[in-house]
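Colleague: Sequence:
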Amino acid sequence: MTADTVHVYRYVMKPTLPVRRDSPKKAITLVLAVLLGGMIGAGIVLGRNALRSYKPKAL
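FYI, the numbering for the sequence shown is 1348 to 1406, going by this note's numbering.
A portion of the hints provided could be inaccurate.
[Claimed, not checked] Pairwise CB distance ranges, derived in the manner of DEER restraints:
hint, residue 1, residue 2, range
1, V1392, R1357, 57 to 65 angstroms
2, K1372, V1392, 27 to 35 angstroms
3, T1349, P1371, 40 to 48 angstroms
4, K1373, D1351, 47 to 55 angstroms
By construction, these hints were calculated from the structure, which means they are not laboratory data.
Cβ atoms here follow ideal geometry from the backbone N, Cα and C, with glycine treated the same way.
Using the sequences and the hints given, assemble the complete structure.
Modeller: Following this line, the structure appears as structure tokens:
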């Protein structure tokens, strides 16, 4: 047994190139980015408004 005859892998099928490229859909990415940006922006506006109108109660 030599290093030339020992294989640590075996091909089940011959590798082939995919029919079409697998990539994220641009429309879904755009919609998710707009929704996430809108939620973050609304959270910032609501948070700043809540902090601006906050008045501590007198003891």
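Colleague: Confirm or reject each hint.
Modeller: Hints, one by one, checked against the model:
One distance hint, 57 to 65 angstroms for the beta-carbon pair V1392 and R1357, holds here, with the actual separation near 60 angstroms. Between K1372 and V1392, the C-beta spacing of about 30 angstroms keeps the proposed range 27 to 35 angstroms intact. Remark: the range hint 40 to 48 angstroms for T1349 to P1371 is upheld by a beta-carbon distance near 47 angstroms. Between K1373 and D1351, the C-beta spacing of about 49 angstroms keeps the proposed range 47 to 55 angstroms intact.
Of the numbered hints given earlier, the model fails none.
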